[in-house]
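Trainee: Use the sequences and the hints to build the structure in full.
Letter by letter, the chains look like this.
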Amino acid sequence: MTEKTATLDAPPETVILDSVVIRLAGDSGDGMQLAGARFTDASAAFGNDLATFPNFPAEIRAPAGTLPGVSSFQVQIADFDILTAGDEPDCLVAMNPAGLKANVSDLRQGGTLIVNHEAFDERNLAKAGYEVSPLEDGSLDGFRMIQVPMDTLTKEAVKETGVTGRDVLRSKNFVALGLLAWMFHRPTEPTVDWVNAKFGKKPEVAAANLAAFRAGHTFGEVTEATRTTITVKPAKLSPGTYTNVTGNTALAWGLIAASQAAKLPLFYGTYPITPASDILHELSRHKNFGVRTFQAEDEIAGVGAAIGAAFGGSLAATGSSGPGIALKSEAISLAFMTELPLIVINVQRGGPSTGLPTKVEQSDLLFSLFGRHGESPLPVIAASAPSDAFDVAIEAARIALKYMTPVILLSDNVIANGTEPWKLPNVDDIPDISVPFATAPNAPDGSYLPYMRNVETFARPWAIPGTPGLEHRIGGLEKEAVSGNVSYTPANHQLMTDSRAWKVKNIENDIPELQVAGDGDAEILVLGWGSTAGSIRSAADKVRRRDLKVATAHLRYLNPFPANLGDVLRRFPKVLVPELNSGQLRMLIRAEFLTPAEGLNKIAGQPFQVSEIEDKIMEMLGS
Amino acid sequence: MTEKTATLDAPPETVILDSVVIRLAGDSGDGMQLAGARFTDASAAFGNDLATFPNFPAEIRAPAGTLPGVSSFQVQIADFDILTAGDEPDCLVAMNPAGLKANVSDLRQGGTLIVNHEAFDERNLAKAGYEVSPLEDGSLDGFRMIQVPMDTLTKEAVKETGVTGRDVLRSKNFVALGLLAWMFHRPTEPTVDWVNAKFGKKPEVAAANLAAFRAGHTFGEVTEATRTTITVKPAKLSPGTYTNVTGNTALAWGLIAASQAAKLPLFYGTYPITPASDILHELSRHKNFGVRTFQAEDEIAGVGAAIGAAFGGSLAATGSSGPGIALKSEAISLAFMTELPLIVINVQRGGPSTGLPTKVEQSDLLFSLFGRHGESPLPVIAASAPSDAFDVAIEAARIALKYMTPVILLSDNVIANGTEPWKLPNVDDIPDISVPFATAPNAPDGSYLPYMRNVETFARPWAIPGTPGLEHRIGGLEKEAVSGNVSYTPANHQLMTDSRAWKVKNIENDIPELQVAGDGDAEILVLGWGSTAGSIRSAADKVRRRDLKVATAHLRYLNPFPANLGDVLRRFPKVLVPELNSGQLRMLIRAEFLTPAEGLNKIAGQPFQVSEIEDKIMEMLGS
Amino acid sequence: MTTYTRSDFQTDQEVRWCPGCGDYTILAAVQQFMAGMGVEREKIVFISGIGCSSRFPYYMNTYGMHSIHGRAPAIASGLSASRPDLAVWVVTGDGDALSIGGNHLIHSLRRNMNLKILLFNNQIYGLTKGQYSPTSEVGKATKSTPLGSIDYPFNPTSLAIGAEATFVARTIDMDRTHTQGILEQAHAHQGSAFIEIYQNCNVFNDKAFVQLTGKEERVHNRVDLIAGEKIIFGEGGSKAVVMRNGSATIVDRNTVADSEIMVHDPTKADASIAFALSRLSHGPYGPTPLGVFRSVKRPTYEQTMMRQMADAQAKRGAGDLAALLTSQGSWTVD
Amino acid sequence: MTTYTRSDFQTDQEVRWCPGCGDYTILAAVQQFMAGMGVEREKIVFISGIGCSSRFPYYMNTYGMHSIHGRAPAIASGLSASRPDLAVWVVTGDGDALSIGGNHLIHSLRRNMNLKILLFNNQIYGLTKGQYSPTSEVGKATKSTPLGSIDYPFNPTSLAIGAEATFVARTIDMDRTHTQGILEQAHAHQGSAFIEIYQNCNVFNDKAFVQLTGKEERVHNRVDLIAGEKIIFGEGGSKAVVMRNGSATIVDRNTVADSEIMVHDPTKADASIAFALSRLSHGPYGPTPLGVFRSVKRPTYEQTMMRQMADAQAKRGAGDLAALLTSQGSWTVD
Ligand SMILES: Cc1ncc(C[n+]2csc(CCOP(=O)(O)OP(=O)(O)O)c2C)c(N)n1
Ligand SMILES: Cc1ncc(C[n+]2csc(CCOP(=O)(O)OP(=O)(O)O)c2C)c(N)n1
Ligand code: SF4
Ligand code: SF4
Ligand SMILES: [Mg+2]
Ligand SMILES: [Mg+2]
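Protein chains in written order, with the numbering used here: chain A, 20 to 642; chain B, 20 to 642; chain C, 143 to 476; chain D, 143 to 476.
Certain hints may be false.
[What the hints assert, rightly or not] Calculated lysine-lysine pairs in the DSS-like style (CA-CA distance at most 30 Å, straight line):
#1 D:Lys381 to D:Lys357
#2 C:Lys410 to C:Lys457
#3 D:Lys282 to B:Lys220
#4 B:Lys282 to C:Lys357
#5 A:Lys178 to C:Lys349
#6 B:Lys282 to B:Lys252
#7 A:Lys442 to A:Lys255
#8 A:Lys561 to A:Lys252
#9 A:Lys220 to C:Lys282
#10 B:Lys174 to B:Lys146
#11 A:Lys524 to A:Lys593
#12 B:Lys524 to A:Lys593
#13 B:Lys217 to C:Lys381
#14 A:Lys442 to A:Lys421
#15 B:Lys221 to D:Lys357
#16 A:Lys146 to A:Lys120
Please keep in mind that the hints were generated in silico from the structure rather than gathered at the bench.
Mentor: Rendered as C-alpha cells:
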C-alpha cells in the first residue's frame with residue numbers, strides 16, 4: 020500500500036497507536052453495516068484484535084435522511100487483547116446530517132470527523148432538524164474535520180462501469196471505506212476479493228464498488244488533510260485459525276456442532292423476531308447437516324414443534340426474543356414436566372412489550388428463572404461474547420441431554436449482532452455429548468418405566484417412538500414417580516417437585532467453578548453475566564492500571580450457580596454487579612447468599628461504556 | 020329438634036364441644052359437595068363460626084368407586100372464631116370403600132366413622148384396592164364406627180315420591196345429611212327450605228331428597244350407636260348480616276362492587292379453566308349490573324379483549340390459573356407499557372404445566388412478579404380467605420385505576436372453593452374509587468399528551484375514544500415521556516423505565532402498614548401471604564396457648580411491600596415464612612431486606628395442617 | 143357532523159415506510175375515505191398488531207393502538223363489545239393476521255364482531271426483513287427458506303368464508319378508487335368486514351402483484367366482481383365466469399350463452415358461491431377476482447350482547463349490590 | 143409385521159370418562175381399527191391436547207403425549223416433520239382444536255402435515271364442566287352463557303376446507319363401522335386428514351346428535367357421502383342432493399332426473415364442491431352429511447422437507463463442520 024504514496028511529494032506521516040475506535044454513521048440505505056463489516060474483515064486479516072458494535076435503526080423503516088433512520092457501525096481495532104467496541108470513537112464518518120447529529124456527541128474531543136459535505140443540503144439538514152449547517156456554525160470546531168465530496172467522487176468513479184441511475188450512489192459507502200483504508204493502513208486485498216466474490220454475478224456492480232473504493236483511497240492519498248495516517252499494529256493473538264463471527268452465527272454453528280457431538284439431528288422450531296431471526300436464517304442454509312428448520316405459525320407452535328421433535332429423538336431447539344419467549348412459557352413448562360431435552364434461546368432486546376426491538380438489555384434474567392407458573396426451575400446459561408455463543412450452545416445441549424431438561428440459553432442484541440475474531444476450535448476436540456436412548460424395558464416385570472430416574476443425574480430415560488416394547492405416554496399432569504402414570508397424591512407431588520428441583524440444582528456439580536480474575540485480595544469483586552463481560556474486564560484493567568486492586572468474575576451459569584459462588588462472594592468485602600437491567604442478578608445473590616451486593620444498572624438500550632463501570636469501581640474504592 | 024327424641028325411651032345424651040371437624044367422602048357422583056354445603060349452611064344459620072375445605076377429584080371424570088374418583092368436603096364448626104377447616108376430622112362419613120380408603124388415615128384416633136356398609140361389596144372393595152373388607156379386618160378398631168345401610172334407607176324412603184330407577188340412589192347423600200343433622204343438632208329448616216327452593220320445578224326430586232333426609236335423621240334418633248349426640252354452641256360473631264360465600268363468588272361480587280364504586284361498566288375477558296371458571300359463571304349471571312363477560316377463544320384473546328375494553332373506558336379484568344396466566348404474559352406486558360388499568364386474576368393451582376388442576380399451591384408468586392420479559396414491575400396483591408377476595412378485588416381496581424396499571428390479584432384453589440361466613444359490608448360504605456377521564460387537552464398548545472403523568476401518582480391520563488380533540492395512539496413500542504410518541508432514545512428509555520418502576524413502588528405510600536398480631540416482643544415472627552392466613556393464625560394461637568410468645572403478620576401487598584415491612588422484620592430475631600411453594604416470599608424478603616428468614620414449605624397440593632406450622636414454630640422456639 | 147378533509151386524518155408523525163411501499167397508497171385511500179365516511183373522528187379507532195402495515199394507526203389522526211403481534215382482532219373485539227358506539231378498524235398484515243393471529247381472526251369473523259379488518263397482504267414478513275409468510279407461494283426463496291418455501295399457502299378469502307365471515311372482499315393498493323369503494327361497503331356492513339388488500343412490498347417482495355397491476359397483465363387477469371353484473375373480464379370482455387357443477391369456471395365468453403354467465407350476487411345466503419369464486423385463483427396468479435365476494439346479514443355480537451343486557455335489566459332491574467350479597471341466603475347475628 | 147388384536151392397544155390405565163360417554167365407543171373403534179392397520183404399534187404416536195377427549199393417549203398402548211390445551215397439532219407437526227417414519231395421530235376436542243388451538247389446526251392442514259386429526263366434537267367443554275364451545279349453537283344456555291350463547295358457531299368441515307385441507311371427513315361415535323371406515327381412508331391418505339367425530343357428552347350436552355342417532359330421526363337426517371355414488375337419503379331414498387347454481391341443494395328425489403343427482407366425488411381438485419356439501423347443515427340439525435367430503439393429493443410437508451434435505455446433501459455433501467466454521471472467511475495467526 021505504501022508504494023502508492025511514493026507518487027506524492029512528501030511522504031505521509033504515520034502515527035502508531037495501540038488502539039483506535041472508528042464509527043461509520045449514515046442512513047439505513049447508505050450501507051454502513053456493509054462498510055463496517057469490510058473494514059473489520061480487513062483489520063482482522065491485518066492481524067488486529069477487534070470488536071464491533073452495530074447499531075441499527077429500530078425495526079421500522081424510517082424515512083431517508085431522518086434521525087430514526089440512522090444506522091451506525093462501530094469497531095475498535097487494537098494491537099492488544101480488547102474486549103469491547105470502545106466507548107468514544109476516535110474517528111467518526113458521517114454520511115449525512117442525520118448521521119452526524121445522532122453520533123457527534125459521542126466523538127471524543129479532538130477526534131477525526133469525516134463528513135460527506137455534499138449531503139448537507141437544505142433538505143437533509145431540515146430532516147435532521149438542523150436550522151443552520153453544523154459545518155458552518157462552528158459547532159464542530161473541536162474536531163479534526165475532513166470534508167469529502169463523496170457523491171461527486173462516487174459518480175465520477177462509477178461512470179465507466181455500466182451502473183446508472185439510482186444505483187450509482189449505492190457505491191458511496193465504498194468511497195468512505197477506501198478513504199478509511201488509506202487513513203488506517205488497511206490492506207485492500209480482502210475488500211477487493213470480497214467484492215469480486217460477492218458480486219461475481221453482477222460484474223458491473225463489482226466494478227462500481229471497486230472503482231468507488233479506489234476513489235476513496237486516492238482521495239486520501241492526495242488530500243492534505245489526510246496526509247497524516249494512523250496505524251495500529253497487529254495484536255499478538257494466540258496462534259490459530261480465526262474467523263470473524265456474529266453471536267447469532269456462532270450460536271447457529273454451535274447448535275450444529277452440538278448436533279454432531281450428540282449424534283442427533285438438529286430440529287429448530289421458531290418464529291421470526293428481531294434480533295433472533297438470523298439464527299433461523301443461518302440454520303436454514305445447512306440442510307446438508309441434517310438440520311431441520313420449522314418456521315411455525317407463532318412462537319407457541321415453534322416451541323411445540325420442538326417439543327414434538329424432542330419426543331421423537333431430535334436435538335431440539337427453539338429461539339426467540341422477549342415477547343416470543345413470553346408466549347412459549349406454558350409450553351416450556353410442559354417440556355419441564357415431561358422432562359424432555361430442549362434448548363430455549365432468548366436473544367434479549369429492550370423491553371417491556373415490543374419495547375426497543377433493536378436495542379440491548381439484560382432484563383430477562385428473572386423472567387428466565389421465574390417466568391413459568393408452578394415450581395419449574397430450569398438451568399439457565401448465558402453467552403458472554405459473540406464467539407462464546409458457540410460454546411454455550413454446545414454446553415446447553417450437553418446439559419439438556421444429560422439431565423433430560425429444557426435449558427434456557429441467554430444471548431442479547433449486542434452479542435447477536437456484534438462480531439469479534441474467533442479462534443476456531445479444532446472440531447475434533449469437541450467432546451462427545453451423546454446420550455443413549457432407552458432400548459429395553461427397565462422394570463423387572465419387563466415393562467418400561469418412563470420416570471425411573473438415573474440415580475446419579477436424576478434424568479429419566481429417553482425412549483423414542485419406534486422402539487418396540489417401550490411404548491409409553493407422557494404429559495403435563497403430575498406424574499407418579501417411576502411409573503410416570505398420572506398422580507395427584509400429595510406425597511408424590513412433593514417428591515416429584517423435590518426431584519425436579521434436585522435434578523437441576525445438582526448440575527452445580529457438573530459445571531466448572533467460578534474463576535476470579537484479577538486481584539484475589541482486592542476489596543471489591545465485580546460480578547457480571549452475559550454481554551457485559553468485555554466492558555467489565557476492560558474497566559477492571561483500567562482500574563488496575565492505576566495501581567488499584569479489583570477482581571472480576573463472570574457467570575456463565577445463572578441456574579444453578581457454580582458451587583463455589585457463595586465462597587467467592589464471601590472473600591470480598593464489596594461486590595459490584597453491573598447489569599443492563601434493574602439489578603436482577605444482584606437480587607438473586609442477595610437472596611441466596613445474603614450478600615449486600617451493590618448494583619450498577621443501566622436500562623437505556625445501550626451497552627455499558629467502559630468508563631461507566633470504571634467510575635463506579637473507583638467510587639466504591641473511595642478513590 | 021329435641022322434641023322428636025321425646026318419643027324414645029331414654030333421653031339422648033348430648034356432649035357440648037367448642038369445635039368439631041367433619042368430613043364427608045364418597046364418589047364424585049355421591050353428592051358430597053352438596054351435602055357438605057347444606058351442612059355448612061345449617062351450621063351457619065345455627066350461628067357457628069365455620070370454615071370449609073372441598074377437595075375435588077382431579078379434572079378428569081374418574082370411574083365410579085375408584086380412588087381418583089373420591090370427592091370430599093370438610094367443615095369445621097366452632098363456638099369461637101376459627102380460621103381453617105381443621106386438620107384432622109373428628110367425624111368421617113365414608114359413602115364407599117374408596118372414600119374410606121382415601122380419607123381414613125386423616126381421621127383422629129377415636130374419631131367417629133360413619134360408613135355406608137352396603138357399598139362395601141366385592142366390586143367396590145376391589146376398585147378401591149382392598150383385598151379384605153376393612154369393616155371386617157379390624158383395621159378400623161381405633162374408631163367409633165357407625166354402620167348405616169344408606170342404600171336401603173334411601174330406597175325405602177323415596178318409594179312413594181315418584182323417583183325411580185337410577186335416580187333413586189341420588190338421594191343417598193341426604194340420608195347422610197339427615198344423620199349428621201341429628202348427630203350434631205343442626206336445625207333442619209334451612210335444608211328443607213333449600214331443597215324446596217332448589218327443586219321447586221321437580222317436586223318429585225324435592226320429595227325424595229326430603230324423605231331421605233328425614234330417614235337419615237330418624238335413623239340417628241332410633242339407633243343406639245347414635246344416641247349420644249354432639250353440639251357446638253353458636254359462636255359470638257360480631258353483629259351483622261352474614262352469608263356463606265366461596266372465594267370465587269366473593270371475587271366476582273367484588274368486581275361488581277368495584278365497578279359500581281368506580282362508576283364504570285365491568286368487562287371480564289377470559290377463557291374457562293379450573294379453578295377460575297366459576298368467576299366467569301358468576302359474573303355472566305349479572306348482566307343487569309352492566310357486566311359484560313367475554314368467553315374468548317383462548318387466554319390471550321381474553322386478556323386482549325380486556326385490554327381493548329380498558330382502552331375504551333371499562334373497568335377491565337381477566338382471570339385464569341397458571342397455564343392461562345402464562346399465555347397472557349405478553350399481553351399483560353402490553354397493558355403495562357400502554358399503562359392501562361387492568362385486573363389480572365390468578366387463581367393458583369398445583370403446577371407446573373397442567374399439574375394438579377384441582378389442588379392448591381402458592382407457587383405463582385415469583386411468576387407474578389417476574390413472569391414478563393423486560394423490566395415490568397406490577398402491583399401484586401393476594402386474598403387471604405374467601406371473603407377477603409371481595410375486598411381485594413375492590414382494592415385491585417382502586418390501584419389499577421388510580422395508577423393506570425395492570426394489577427395482579429392472587430387467589431388460590433382453597434380460597435376459590437372454600438367458604439366461610441362473611442359479615443356483609445354495608446354497600447354504602449364502599450368508598451368511591453372512580454377516577455376522571457381526561458376530557459380536555461393537557462398541553463399549552465391545545466394538544467393532548469397521553470404520557471403527561473400526574474405529578475403525584477405518575478399515572479398517565481385516561482382519554483377514551485369518543486372524546487373529541489383527544490385522539491391519540493398508544494402501543495407497545497417504548498414511548499417518549501409526555502408525548503407518548505415512539506422513542507428509542509437511550510435517555511428516554513431510562514427515564515420511562517424508572518418512571519414506570521417508581522410509579523409502582525410509590526404505591527407503598529398509599530396502602531396500609533403491615534400489622535403485627537400477637538406478641539410484639541416475641542422471638543419469632545411468622546410472616547405469610549394468601550390462603551395460609553388461617554392456618555398461620557391458628558398455629559400461633561395454639562403456640563400462645565402454651566404460654567409461649569409468637570407474632571404473626573400477613574401480607575396482602577406483595578408488590579410493593581408495605582413501607583414498614585423492613586422495620587417489622589428487623590424487630591424479630593427470627594422470621595418464619597410458611598408457604599405452599601418452595602420459598603418464594605422468603606426469597607423476596609431475603610433479597611430486599613437481607614433478612615435470614617427461614618421457610619416452611621409444602622408442595623403437596625394440600626393446605627397446611629395447623630399442626631405443621633405449630634410444630635415448626637415450636638422447633639424454632641427451641642421448645 | 144364535522145366535515146373533514148383528508149388532512150384532518152393525518153398526524154404529525156413522520157410516515158416510516160420504505161419509499162415506494164404500497165402502504166402509502168392504502169393510507170391515502172383510507173384517509174380520503176374517512177373524510178367522507180360521516181363518522182366523527184373521535185369515534186373512530188384503529189387497532190393494529192405488529193408489522194410494517196401495523197404502523198398504520200400512528201398515521202391516522204383518530205384513536206388508535208399499535209398493539210402486539212397478531213392480537214389486534216382480540217383487542218378490537220373487547221373494545222367493540224364494550225363500546226358498540228365506536229367505529230373500530232383493524233389493520234393487520236399477512237403474517238400478523240394469518241400466521242400468529244390466525245385464530246383471533248377467524249373467531250372474530252364467526253362472531254360477526256363489528257370490526258372492519260384490513261389485511262395488507264404483501265405475501266412476506268416485511269418488518270422482520272423478508273421471511274416467507276402464510277400467503278407466500280410454494281417454492282419462494284426467502285431468508286428463512288433459501289431452498290424455497292414448502293408450505294402451501296392460505297387463500298385468505300377462502301379461509302374467511304370458511305370461518306363464517308359475513309363480508310369478504312379483496313382490493314389492491316394501486317387502485318385507490320377501488321379500495322375506497324370497498325371501504326365504503328365495509329363501513330355500511332353491519333358486522334365484521336374482512337378485506338384483503340394486495341400490497342406491494344417493493345423491498346422484500348417487489349412485483350408480487352404485477353399480474354394485477356402491470357399494464358399488460360391486468361387486462362387479462364383482473365376479474366372485477368360487481369354486484370348485479372355478469373362476471374366478465376379479459377381483453378374486450380372476452381372471458382366470462384360460469385358456475386359448472388359447483389365450480390366457478392373461466393370460459394371464453396363466446397363459447398357460452400349470455401344467460402349462462404354468472405351474475406354476481408354477494409348477498410346469497412349460501413357461502414358456497416362466494417367460496418367458489420374465491421377458488422378462481424390461489425394468490426395473484428392468473429385471473430384473480432377483486433371486489434366483494436360475500437356480504438350477508440347476521441346479527442352482530444355487539445347487537446346481541448346489548449339485547450341480552452337490556453333484557454336482563456328489563457327483567458331484573460338495574461343491579462342492586464346489597465341484594466346481590468344476600469342472594470345466596472344470609473343470616474343475622476344481633 | 144406383528145398381528146394385533148384390539149386388546150394389544152389397550153393400556154393398564156383405568157379409562158376415566160363418565161359412564162355412557164361417546165368417547166368409549168370411539169376408543170373402541172380406534173383400537174379395533176389399529177389392530178388391522180398394518181403399522182407396528184411402536185411406530186404409532188397419539189398426541190392430544192387437554193379435554194376429556196384428550197385423555198385418549200393414556201388408553202392407547204402406543205407412544206403418546208397428553209400435551210397442553212390446543213397445541214397438539216403443533217407438537218405433532220414437529221414430531222412428524224422430524225420423524226416421517228412414524229404414524230402420528232392427533233386427538234382433540236371442539237374446544238381444544240377450534241377454540242384455543244384453532245390456529246395450529248388450520249396451519250397444519252394447509253401445510254399438509256402427515257397427521258391424522260380426530261376432532262371429538264361434543265359441542266361443549268366437557269372437562270371444565272360445561273361451558274359453550276365454538277361449535278355450540280347460538281342461544282345455548284351453559285354455565286358461562288346463562289342467557290344463551292351469542293357466538294355464531296364454526297362449521298368445522300367448512301373451516302378445514304377453507305384452510306386448504308386435503309382430506310376432510312365426518313363420522314359419529316355411535317356408528318363404529320362407519321368410524322372405522324373413515325379411519326382407514328384417513329390412514330391411506332398422504333398428508334393431513336381432518337376427521338370431525340360427533341361425540342355425545344351425556345353429562346353436559348346429552349342428545350346433541352339425536353337427529354343422527356335417534357332411530358326415527360336418523361332416517362331423515364343422515365346423509366351418507368359415498369364416493370362414486372349418488373347422494374340419496376331419507377326414507378326409502380326419497381331425498382337427493384343436486385348442485386344448483388353452486389349450492390348443494392336438497393330436493394325430493396322424484397322431482398329431479400336421476401342424472402341431475404350429484405354423484406359424490408371427494409377427489410375433485412376444486413374445493414368448492416366439498417365446501418358446498420359442507421354447507422348442507424350447520425351442525426347436526428336437519429339433513430347432515432357423514433363421510434369423506436374431500437380427499438385430494440398434494441405433497442406432504444414431510445415429503446418436501448425430505449426431498450430438500452436429500453437435494454442439499456446431494457449437492458453439497460454431508461455437512462463438514464470444520465469447513466462451515468471457515469465458510470465466512472478466515473485467517474491464520476502463527
Ligand atoms: C410475539 C412476536 N413475535 C414475532 C415478532 C416479530 N415480528 C414483527 S412483525 C412480524 C411479521 C410481519 O409480517 P406481516 O404481518 O406480514 O407485516 P408486514 O411487515 O409484511 O406489513 C414479525 C414476525 C413480534 N414483534 N412479536
Ligand atoms: C391453557 C389452558 N386453558 C384452559 C384450560 C382448561 N381447559 C381444559 S380442557 C378445556 C376445554 C375442553 O373442551 P374440549 O376441547 O371440547 O374437550 P372435551 O372435554 O369436550 O372433550 C379447557 C377450557 C387448560 N387446561 N389450559
Ligand atoms: S419492508 Fe416492504 S412492506 Fe415494509 S415498509 Fe418497506 S416496502 Fe413496505
Ligand atoms: S364430561 Fe362429557 S365428554 Fe367428558 S367424559 Fe363425561 S360424558 Fe364424556
Ligand atoms: Mg406482510
Ligand atoms: Mg368438547
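Trainee: Please work out if Lys282 of chain B and Lys252 of chain B have their alpha carbons no farther apart than 30 Å.
Mentor: Violated, because 43 Å separates the two Cα atoms, which is more than 30 Å.
Trainee: When you check the alpha-carbon spacing of Lys221 of chain B and Lys357 of chain D, does it fall within 30 Å?
Mentor: The hint holds at about 28 Å.
Trainee: Given the hinted pair Lys410 of chain C and Lys457 of chain C, is their alpha-carbon gap at most 30 Å?
Mentor: violated (37 Å)
Trainee: For a C-alpha distance cap of 30 Å, please report whether Lys442 of chain A and Lys255 of chain A respect it.
Mentor: holds (13 Å)
Trainee: For the pair supplied as a hint, Lys178 of chain A and Lys349 of chain C, is the alpha-carbon distance within the 30 Å limit?
Mentor: Holds. Lys178 of chain A to Lys349 of chain C sits at ~29 Å (cutoff 30 Å).
Trainee: Within a Cα-Cα threshold of 30 Å, do Lys146 of chain A and Lys120 of chain A meet the stated pairing?
Mentor: Holds, at about 11 Å.
Trainee: Holds or violated: are the alpha carbons of Lys381 of chain D and Lys357 of chain D at most 30 Å from each other?
Mentor: Given that 30 Å is the threshold and the Cα spacing comes to 18 Å, the pair holds.
Trainee: Under the criterion that the straight-line Cα-Cα distance not exceed 30 Å, is the pair Lys524 of chain B, Lys593 of chain A satisfied?
Mentor: holds (27 Å)
Trainee: Given the hint that Lys217 of chain B pairs with Lys381 of chain C, does the C-alpha gap stay at or below 30 Å?
Mentor: Between Lys217 of chain B and Lys381 of chain C the Cα gap is close to 69 Å, so the pair fails against 30 Å, i.e. violated.
Trainee: Is the Cα-Cα distance between Lys561 of chain A and Lys252 of chain A 30 Å or less?
Mentor: holds (21 Å)
Trainee: Check the hint pairing Lys282 of chain B with Lys357 of chain C against an upper bound of 30 Å on the C-alpha distance.
Mentor: violated (59 Å)
Trainee: CA of Lys524 of chain A to CA of Lys593 of chain A, is that 30 Å or under?
Mentor: holds (26 Å)
Checked against the numbered hints given earlier, the structure breaks hints 2, 4, 6, 13 and satisfies all the rest.
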